[in-house]
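**Student:** Numbering of the sequence shown is given in my numbering, commencing with residue 1 and proceeding in unit increments.
Read the hints as simulated data drawn from the structure, not as lab findings.
Keep in mind that the hints are not guaranteed to be accurate.
Capping the alpha-carbon separation at 20 Å, the derived lysine to aspartate or glutamate pairs in EDC-like fashion look like this [as the list claims (entries may be wrong)]: (1) Lys151 with Glu185; (2) Lys189 with Asp163; (3) Lys189 with Glu143; (4) Lys189 with Glu144; (5) Lys151 with Glu136; (6) Lys189 with Asp38; (7) Lys189 with Asp175; (8) Lys151 with Asp133; (9) Lys151 with Glu167; (10) Lys189 with Asp133.
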Amino acid sequence: MTTFTSHDGLRLRYRTIGSGPPLLVVPGGPRASSYLGDLGGLAEHRTLVLYDARGTGGSDAPDPAEREAAAYPALAQDVHTLRRHLGLERVDVLGHSAGTVVAQAAAAADPGAFTSLTLVTPGGDLFGVPPTDIGEVLAGRAEEPWFDQAKAALTALFSLGPDAPAEQVAAALLDYAPAAYGHWEAPAKEHVARQQAEFALTAWQGFWGAGPPANPVLVDRLRTLTLPVLVLTGSRDALSGVAIGDHVAAVYPDAVHRTIPGAGHYPWVDEPARFVEAITS
């Protein structure tokens with residue numbers, strides 16, 4: 001692991017693994033990048049540049065009084081600062097979950113800096129689109145032993161307000177965790193345990209800044225981007241759903257939406273071979 005100094009003086013930690021053309025990976029959460037692992041073996045095909053988002057892992061946290069320094073536009077500038085630090089004029093970028101928001105904001109800020117954009121299990125908040133099919137995806141798992149607990153947790157999450165105690169939010173998310181994976185087996189359970197240690201709730205709470213998540217001005221900029229975009233969803237993702245993939249892909253002039261069968265919100269954990277094939281192809 002090493003560090004770079006970002007646009008506002010914060011020191012952020014990053015590492016590179018694998019071989020092949022570089023792929024700059026924007027973590028979701030925001031959180032430390034170790035939850036990404038080697039992206040299901042993708043490091044055998046690409047040199048992955050993995051960094052800890054500001055306020056997570058080994059990276060500096062912004063001053064809590066500077067709300068904008070924790071919001072996704074500031075995180076988007078981190079992407080370009082790291083790219084320049086690595087001496088890359090242009091680079092392929094992959095964002096996961098909330099990291100897709102950061103990646104898209106970075107692409108809109110400097111379209112010529114990205115050669116391609118891969119958006120893994122994006123949400124609809126940036127586009128003002130509600131998750132219309134989460135209930136349907138979750139209902140498809142009704143025979144699994146954790147279903148009742150997850151269903152109650154989903155109800156709790158929708159009822160919690162923005163000022164809910166962090167402990168309540170964390171507890172509900174933990175109860176809902178099985179619904180985020182395509183297979184609630186040992187790899188997924190181990191992944192959840194790692195995420196608990198890495199997730200920075202304070203960083204997440206500042207992610208959208210002071211305004212509403214929907215940003216039509218940014219979305220209009222995305223409509224003009226001509227770079228190739230791959231949108232990946234998981235057929236069992238009860239966090240973001242599947243339908244949002246079509247909406248996100250429709251924003252871009254050159255985009256493809258692929259759904260990975262059997263995968264949840266972390267497709268490299270559930271279906272690593274299918275995940276790697278989807279990207280390398």
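**Student:** Each of the hints needs a verdict: does it hold here or not?
**Tutor:** Quick rundown of the hints versus the structure:
| no. | hint | in the structure |
| --- | --- | --- |
| 1 | Lys151 with Glu185 | holds (19 Å) |
| 2 | Lys189 with Asp163 | violated (29 Å) |
| 3 | Lys189 with Glu143 | holds (19 Å) |
| 4 | Lys189 with Glu144 | holds (15 Å) |
| 5 | Lys151 with Glu136 | holds (12 Å) |
| 6 | Lys189 with Asp38 | holds (17 Å) |
| 7 | Lys189 with Asp175 | holds (12 Å) |
| 8 | Lys151 with Asp133 | holds (14 Å) |
| 9 | Lys151 with Glu167 | holds (19 Å) |
| 10 | Lys189 with Asp133 | violated (24 Å) |
Going through the hint list in order, the structure does not satisfy hints 2 and 10.
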